[in-house]
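> Here is how the chains run, residue by residue.
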Amino acid sequence: MNSTEGDEQARSTAEAVARRSYGKLVAFLSVRTRDVSAAEDALSEAFAAALVDWPQNGCPANPEAWLLTAARRKSIDVFRGVVRHELAAGELLRLELLRLDQAAGQPQAQEIPDERLAMMFACAHPSIDAAVRAPLMLQVVLGLDAGRIGAAFLASPTAMGKRLVRAKEKIREAGIPIRVPRREELPDRLDAVLNAIYAAFSEGWTDPAGLDAARRELAEEGLYLARLLASLLPEEPEVLGLLALLLHAESRRRARRTDAGEFVPLAAQDQALWDHAQIAEAEMLLRRASAMGHIGRFQLEAAVQSAHVDRCRKGIFNWAQVAELYDALFQLTGSPVVLINRALAVAEVDGAAAGLSALPDEQADGRLTQYQPYWAARSELLAREGAFADARLANEIAIGLERDPAVRAFLEKRRAALPESRSNGISPQRAQNE
Amino acid sequence: MQYLLLLHANEAGFAQMTPEQQRQGMAAYMAYTEALVKAGVYKGSNRLRPVSNSTTVRVVDGKAQVLDGPFIDTKEALGGYFLIEVPDLDAALSWAARCPGASHGVLEVRPIWEMGQGQQSAAA
Chain A
1 MNSTEGDEQA RSTAEAVARR SYGKLVAFLS VRTRDVSAAE DALSEAFAAA LVDWPQNGCP
61 ANPEAWLLTA ARRKSIDVFR GVVRHELAAG ELLRLELLRL DQAAGQPQAQ EIPDERLAMM
121 FACAHPSIDA AVRAPLMLQV VLGLDAGRIG AAFLASPTAM GKRLVRAKEK IREAGIPIRV
181 PRREELPDRL DAVLNAIYAA FSEGWTDPAG LDAARRELAE EGLYLARLLA SLLPEEPEVL
241 GLLALLLHAE SRRRARRTDA GEFVPLAAQD QALWDHAQIA EAEMLLRRAS AMGHIGRFQL
301 EAAVQSAHVD RCRKGIFNWA QVAELYDALF QLTGSPVVLI NRALAVAEVD GAAAGLSALP
361 DEQADGRLTQ YQPYWAARSE LLAREGAFAD ARLANEIAIG LERDPAVRAF LEKRRAALPE
421 SRSNGISPQR AQNE
Chain B
1 MQYLLLLHAN EAGFAQMTPE QQRQGMAAYM AYTEALVKAG VYKGSNRLRP VSNSTTVRVV
61 DGKAQVLDGP FIDTKEALGG YFLIEVPDLD AALSWAARCP GASHGVLEVR PIWEMGQGQQ
121 SAAA
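Chain order of the listed sequences is A and B.
Under our numbering, the residues of the first sequence are numbered 1 to 434, in order.
Under our numbering, the residues of the second sequence are numbered 1 to 124, in order.
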C-alpha cells in the first residue's frame, strides 16, 4: 500500500469511527470523572494519533478499542487530578484503569458499555441552562463542533463555544451525575431530554427549504438522537411518540416547498413527494406507544400529524378528531399555541365565527402578539367571516413577524387575494366552503 | 463532594408565627439535622441572626469602610446554612428539597471549591 492510499484509508476509517462512536467513547471516558472536556481532548488526541499510526501500521480490527487505549493515558492523568484530594484516590484510580482496560480489551466495538443515555440525561439536567441543553447534546453525543451548532442556533461560533464550555464545566464542578435517573425521577427528567431533542430537530426544521446546510443537517441529527433514545428506552411511550412526530415532519420535507422555493401548505402538497416509508414507521411507533397506555404530549402531537396525513390521503373529514386531540394537548401543556391550532380545527367543523371565538385572546397572553401563526390564523378566519379590513391588518402583522422568506411570500399572496373592503356578496357560509 | 445549602427566606415570616408554630418550625429543623447526621452526610450548620444585625466591611485605598446592614438588601435574606458531603449534585438536591427552608423560602445549592482543584482546572 502506498502512503497516500494508506493516509486516505486511515482518514476515512477515522471519520467513520468518529461518526459512529464519538459520543459513545466520550460518554464512556467521562462517566466516572464527569470531565467531559477532558474526555473530548483525550479522544481528539487519540484521533490525531490514529491518523499518524494507521497509515503506517494499517487500520486496527477494532478501531474503537484502539482509540480507547490511546485516550487512556491522558484520561488517567485527568482522573488522578480529580480524585487526588480524596483518601480513596488510589483505589478509585485502580478501578478506573481496570474499567478502561476491560473495555479496550473487548474484541467487538459493540461490547464497550454504552453510557450515551446517561450522558443525554446529564446534558438535559435541570441545573443546566435549558437553552444550552440541545446544543450540548449535539456536541457531546454527536460530536458536532461549536461552529456548526452556532450556525443553526443563530449564535457565533465563539459565543456558542463559550456556552458549551461553561455547561461542561458545570457538569464537572457542580457534580452533575452522568447516569440514568431512578425510576421515580425518570418522567420529569425524561421530559427535559425529549424537549432538548425536539429543540435540536426544530432548529433544523426552521430552514424547511434546506438551503442552509447547517440547519438541514441538524434536523437529521435530531432525528438520529430520537432514534438513539428510542433504541435505548424502547419501553417509554413518549420516546416513541417523539420519534413518530419527527418522522412525520421529516416525511414531508420534500413536499413543503416547490422547486422555486415557494411554501406549500399541507393540503396542497404533492403526496408523491412524501416519504411513505417514514410515515409507515411513524404510524407503527405510535401504535406501539399507545398500546403502553400512557398518553403524553409527543404522542398527541404525532397523532395530530397522523390525522392530517389520513385526511389528505383518504379524503376523510376528521377535523373534529383533530380538535379533540388539541383539547387533550391543551389539558397537558396549557400552551396558547395549541389553542391556535385547535381554533383552526374548530373553524373547519363549526365555521369561522366559532373558530374566531375559540382563538386565545392576545390581551390575555402577551407572547401571542409576537407570534406569527396567531396573526396568520386570525387573518384567515377573519377573511372567511368577510371582515377583510381586519383580516388585512392581521395578515400584515403576520408578515412582519415571519423570518422565513418563503412563508412571507406565501402570506403576501394571501394578502393580495383579499378583497379591498368588506363585500356583502360573500356570506360566512359561502366562505367556509372554499 | 461537599455542598453548601444556603437558606434564603423572608425574615419577617418567623416573627409573625405563633409560639406554637415557631416551636414546630424549630422541631422540623432539628429533625432535618438529625436525618443528615444519621445519613452520615452532615458536616456542619448554623442559623444566622437577622440582617438588621449585619455589618459590611470593605477596604478602599487602604482604609476600611464599615457600613450598617447586609451586602445585598433583599426580601429573602440568607438565614442559615447546612454543609453536607454527598456523592453528586442529585443527592445534594434531594437533601435540599427535604430541608424545611425549601418550603418557606429558597435553597441555593453551591458546590464547595475543594483545595487542590483550582490548579487542576487551570492545567487541564
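Rather than coming from a laboratory, the hints here were simulated on the basis of the structure.
As the structure is a prediction and not an experimental result, all values here were calculated from the model.
Check the hints yourself; a few may be wrong.
Taking CB as the label site, the calculated pair distances span [said to hold, decoys possible]: (1) B/Met-17 with A/Glu-324: 45 to 55 Å; (2) B/Ala-64 with A/Ser-335: 12 to 22 Å; (3) A/Ser-290 with B/Met-17: 27 to 37 Å; (4) A/Ser-290 with B/Ser-94: 40 to 50 Å; (5) A/Lys-162 with B/Leu-67: 30 to 40 Å; (6) A/Glu-173 with B/Ser-94: 11 to 21 Å; (7) B/Met-26 with A/Pro-126: 24 to 34 Å; (8) A/Ala-364 with B/Gln-16: 28 to 38 Å.
Partner residues are not named here, just some residues of chain B that face chain A (Cβ under 8 Å, in silico) [said to hold, decoys possible]: (9) Leu-6; (10) Asp-88; (11) Asp-90; (12) Pro-111; (13) Ile-112.
Think of the CB as a built atom: it goes at the ideal place given N, C-alpha and C, for glycine as much as any other residue.
> Please go over all the hints and tell whether each is borne out by the structure.
Do the hints match the structure? See the list:
The supplied range of 45 to 55 Å is met by B/Met-17 and A/Glu-324, whose beta-carbon atoms lie about 49 Å from each other. Checked against the hint of 12 to 22 Å, the C-beta distance between B/Ala-64 and A/Ser-335 comes to roughly 55 Å, which is inconsistent with it. Against the hinted window of 27 to 37 Å, the Cβ-Cβ separation of A/Ser-290 and B/Met-17 comes to about 51 Å, which falls outside the hint. About 33 Å separates the C-beta atoms of A/Ser-290 and B/Ser-94, a value inconsistent with the hinted range of 40 to 50 Å.
At roughly 35 Å, the beta-carbon separation of A/Lys-162 and B/Leu-67 lies within the given 30 to 40 Å, and the hint holds. In this structure the supplied range 11 to 21 Å holds for A/Glu-173 paired with B/Ser-94, their Cβ-Cβ distance being about 19 Å. Judged by the Cβ atoms, the range 24 to 34 Å given for B/Met-26 and A/Pro-126 holds: they are separated by roughly 31 Å. At roughly 35 Å, the beta-carbon separation of A/Ala-364 and B/Gln-16 lies within the given 28 to 38 Å, and the hint holds.
For B/Leu-6, the shortest C-beta to C-beta distance to chain A is roughly 14 Å, which exceeds 8 Å, and the interface hint is violated. Look at B/Asp-88: its Cβ gets to within about 4 Å of chain A, closer than 8 Å, so that hint holds up. For B/Asp-90, the interface hint holds, since its Cβ comes within 8 Å of a Cβ in chain A; the closest pair sits about 5 Å apart. At its closest, the beta carbon of B/Pro-111 sits 5 Å from a beta carbon of chain A; the interface hint therefore holds under the 8 Å criterion.
Interface hint at B/Ile-112: violated, since its Cβ lies 10 Å from the closest Cβ of chain A, which is beyond the 8 Å cut-off.
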